[in-house]
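Enquirer: Single-letter residue listing:
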Amino acid sequence: MAVYEFVGAGTVSGSTTNLVSFTSISTSDDWKTFQLFGSLSLQDTSAATTQSLYIQLNSTSANYYIAGFVSSGSALSTGVWRMGGYSQTSFDAQSSIQANQHWTDTGGDWVNGRGTTSWTFPMAGAATRKVAGGLTMSGAPRNTSAGGFDSSTGASDNTDALTTVNVKCGYTQYFGDGSHFELYAIKDTNA
Amino acid sequence: MPELTKLIVDCSTGEKTIRPFDASEIAAFEAAAVSIAEREAAEKAAAEKAAADKASGNQKLKDLGLTDDEIAALTS
Numbered sequence: 066m067a068v069y070e071f072v073g074a075g076t077v078s079g080s081t082t083n084l085v086s087f088t089s090i091s092t093s094d095d096w097k098t099f100q101l102f103g104s105l106s107l108q109d110t111s112a113a114t115t116q117s118l119y120i121q122l123n124s125t126s127a128n129y130y131i132a133g134f135v136s137s138g139s140a141l142s143t144g145v146w147r148m149g150g151y152s153q154t155s156f157d158a159q160s161s162i163q164a165n166q167h168w169t170d171t172g173g174d175w176v177n178g179r180g181t182t183s184w185t186f187p188m189a190g191a192a193t194r195k196v197a198g199g200l201t202m203s204g205a206p207r208n209t210s211a212g213g214f215d216s217s218t219g220a221s222d223n224t225d226a227l228t229t230v231n232v233k234c235g236y237t238q239y240f241g242d243g244s245h246f247e248l249y250a251i252k253d254t255n256a
Numbered sequence: 010m011p012e013l014t015k016l017i018v019d020c021s022t023g024e025k026t027i028r029p030f031d032a033s034e035i036a037a038f039e040a041a042a043v044s045i046a047e048r049e050a051a052e053k054a055a056a057e058k059a060a061a062d063k064a065s066g067n068q069k070l071k072d073l074g075l076t077d078d079e080i081a082a083l084t085s
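If you're matching them up, the sequences are chains A and B in order. Position one of the first sequence corresponds to residue 66 (the working numbering), numbered consecutively onward. Position one of the second sequence corresponds to residue 10 (the working numbering), numbered consecutively onward.
Derived by calculation from the structure, the hints in this document are not laboratory data. Be aware that one or more of the hints could be misleading.
As the list claims (entries may be wrong) - Only pairs whose alpha carbons sit at most 25 Å apart, straight line, appear in this in silico PhoX-like list of lysine-lysine:
{"no.": "1", "chain 1": "A", "residue 1": "252", "chain 2": "A", "residue 2": "97"}
{"no.": "2", "chain 1": "B", "residue 1": "15", "chain 2": "A", "residue 2": "233"}
{"no.": "3", "chain 1": "B", "residue 1": "25", "chain 2": "A", "residue 2": "252"}
{"no.": "4", "chain 1": "A", "residue 1": "233", "chain 2": "B", "residue 2": "71"}
Said to hold, decoys possible - FRET-style restraints, in silico, Cβ to Cβ:
{"no.": "5", "chain 1": "A", "residue 1": "91", "chain 2": "B", "residue 2": "36", "range": "25 to 33 Å"}
{"no.": "6", "chain 1": "B", "residue 1": "27", "chain 2": "A", "residue 2": "104", "range": "17 to 25 Å"}
{"no.": "7", "chain 1": "B", "residue 1": "61", "chain 2": "A", "residue 2": "66", "range": "58 to 66 Å"}
{"no.": "8", "chain 1": "A", "residue 1": "242", "chain 2": "B", "residue 2": "81", "range": "49 to 57 Å"}
We put the beta carbon where it would ideally sit given N, CA and C, even for glycine.
Next comes chain A alone, as it looks inside the complex:
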């Protein structure tokens, strides 16, 4: 029987947090799919108009920046999800444009709205392995006053146990006060 379980949660306070890291994820439980929920805003410490967000899966073997988005920062601009990462070597479709992503902001400042979305990380492989294998960004509501995400998918060929999930802002950026993340997973007790 598969059981959906809470893994961890964190809320950002203040205006300095660039990285939220879920660590010490059990490597003995038979997690099959992780799901990370986020309610967040991104703000910038500079006038930079490129905003970015990365989901980083760390396995026992390596860190994998598996996705992120880059926006031009103008209202209703069309940014791109960049699957794979600048330091990623084993991710399919690395650096290719997989889907569009839209945030609405003003002048590179994300104060207009908070985006809500979720990311799923399907695991694969042998029974109790946590393969840092895949990623799906699900869609989220968006309009002219709130950020959002389109959907995108990708896969990695890393085959080691997942230990850490990081949600990371781009350079000079931080999560807005009150941004919240929750990590859940499905455990297959019959595996």
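We have chain A already, so just place chain B on it with the hints.
Expert: Just chain B, lined up with the frame of chain A:
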């Protein structure tokens, strides 16, 4: 830039810790910023070159007497 911090959620205990980036994390962060900027610049340059090549190629075909429809048929 203000001091960057990291929120760590220990999933085995539920404990939450906020701490500043250490020196190695700052260094990695700055290196990543450079890498991203370089990649974006390279992608922009490649896109601009492709657009310029396309325009140049189309013009050369027109100079040979092909119509827009004929060019579209050849290049689609």
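Enquirer: Each of the hints needs a verdict: does it hold here or not?
Expert: Right, here's what the structure says about each hint:
{"no.": "1", "hint": "252/A to 97/A", "in the structure": "holds, 6 Å"}
{"no.": "2", "hint": "15/B to 233/A", "in the structure": "holds, 9 Å"}
{"no.": "3", "hint": "25/B to 252/A", "in the structure": "holds, 23 Å"}
{"no.": "4", "hint": "233/A to 71/B", "in the structure": "violated, 50 Å"}
{"no.": "5", "hint": "91/A to 36/B: 25 to 33 Å", "in the structure": "holds, 30 Å"}
{"no.": "6", "hint": "27/B to 104/A: 17 to 25 Å", "in the structure": "holds, 18 Å"}
{"no.": "7", "hint": "61/B to 66/A: 58 to 66 Å", "in the structure": "holds, 60 Å"}
{"no.": "8", "hint": "242/A to 81/B: 49 to 57 Å", "in the structure": "holds, 53 Å"}
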